[in-house]
Structure formats: C-alpha cells, structure tokens
Amino acid sequence: QVQLKESGPGLVQPSQTLSLTCTVSGFSLTSYHVSWVRQPPGKGLEWMGVIWTGGSTAYNSLLKSRLSISRDTSKSQVFLKMNSLQTEDTATYYCARVGDGTYYPLYVMDAWGQGASVTVSS
Amino acid sequence: DIQMTQSPASLSASLGETVTIECLASEDIYSNLAWYQQKPGKSPQLLIYYANSLNDGVPSRFSGSGSGTQYSLKINSLQSEDVSIYFCQQNYDSPPTFGAGTKLELK
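Chains as they are written, first to last, in this note's numbering: chain P, 1 to 122; chain C, 1001 to 1107.
I should point out that these hints are in silico values taken from the structure, not numbers from a laboratory.
Values in this document were obtained by computation on a predicted structure and should not be read as measured data.
A virtual CB, placed ideally from N, CA and C, is assigned to each residue, including glycine.
Please note: incorrect hints may appear among the correct ones.
Said to hold, decoys possible - One side only, chain C facing chain P, incomplete, derived with CB under 7 Å:
1. Pro1044
2. Leu1046
3. Ser1053
4. Phe1062
5. Gly1066
6. Phe1087
7. Asn1091
8. Phe1098
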C-alpha cells in the first residue's frame, strides 16, 4: 500500500539547516509528485514546495530563498533542506503524494506521511 | 496568492446532528477545492476533491458542494469519530493554499 514516512532531527538550532527525508513505498517517484507541507503547533497548513515526476521543483515564494527539495529515485526518497532556521519554523513537517491530474487533481494531496516534529531552539 | 477563509473557526455539535463548514476563496477557483480531515495527533487525510468528489473509503455522510468562490462541507448524522479539524484547500493556482481550519467537537 501507499506509504510515506518522514525522518530527521527533532531539534535544530537557530540559524542552522534543517534536513528531512521522506521515504516512500507503494508508488514510484517517477510516477507521482511529492510535496512538503508544514504545520506550526496548533496552527494551519502551509504548502512548502513540490518535486515533480521529472525531477524539477516548485517552491512557495515565501520560502524559496531558503528551501531546496531533491530526490533519489533509486532509494524512493525525497529530501527537504531549509537553511537559516528561526523559531517560527518550529512545526510538524509532512511529505505528501500529489495528484497529477489524471485521477486526483494537481496539487491535491491524497496520501500523507505521519509527520516529523521539528523544534528550532538553542 | 489565493486566500481561503473558513468559517466557523470552531463548532460544537451533538451526535446525529448535521453540520456545515464554509470556505470562501478570494477569487474564482472553478471548483478546484479539496477538503481534508485531521484527527487529533494525526496527519491530514483527503476527504473530497473537485469540490464534491468523495475520496475512496470516505463515508457517504460527508458531502461537498459549491462553485466560484463559495464552498461547503456537510456532515450528516455526526459520529464520534468525526471529531477533527477540517481544512479546505484550493488547488486552482500555485501555491496551493489552505483555510485556517474548523475544529469540530462534540457537544
């Protein structure tokens, strides 16, 4: 079945770089797009960016200068790197499978990981 | 970016009741509207897409409607397992944006 699982450090110091990995199973990264979405504690959802099946990326303009999404298709892994972290980046970070418009519409997220809780603190 | 305004922010209802959650887009999104359910401590799950298409496995007591800038999620015969936060999301334009959420509790 379709699964996504985020992994990474739970604590990052201010000004440092966050690195997260999303390991997927049950589908191929060359057949489905994958997005990252974050949720600060007790708050709403913010779309961060997407890596398309062809390997190109698109980012939320609010985060674009700090964010990088990449992948290793042989390992079925998608990576998120975000630099210059501040306390307001404290959130649960989710990776999610994105529709391609054939069944699910583009940008609709039909499967989500369990989330990785990240705290930015010294 | 397209702004999504959800109402109410919170809602308390009794078992068996019918509840409705509204979502207003800042511009026409041509029914490119999805609803997600987030149970306490869990990740969001897709309920509805294209404003009114029920995702596989979602109970038929959930339904979506709307067009243009105004959309709604209706839950008939509220069950205890429906206690969740519900988010709308527009997928018409990038970046996809979410409403702030509606917290549904049992009365």
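Quick rundown of the hints versus the structure:
| no. | hint | verdict |
| --- | --- | --- |
| 1 | Pro1044 | 6 Å, holds |
| 2 | Leu1046 | 5 Å, holds |
| 3 | Ser1053 | 9 Å, violated |
| 4 | Phe1062 | 16 Å, violated |
| 5 | Gly1066 | 15 Å, violated |
| 6 | Phe1087 | 6 Å, holds |
| 7 | Asn1091 | 4 Å, holds |
| 8 | Phe1098 | 4 Å, holds |
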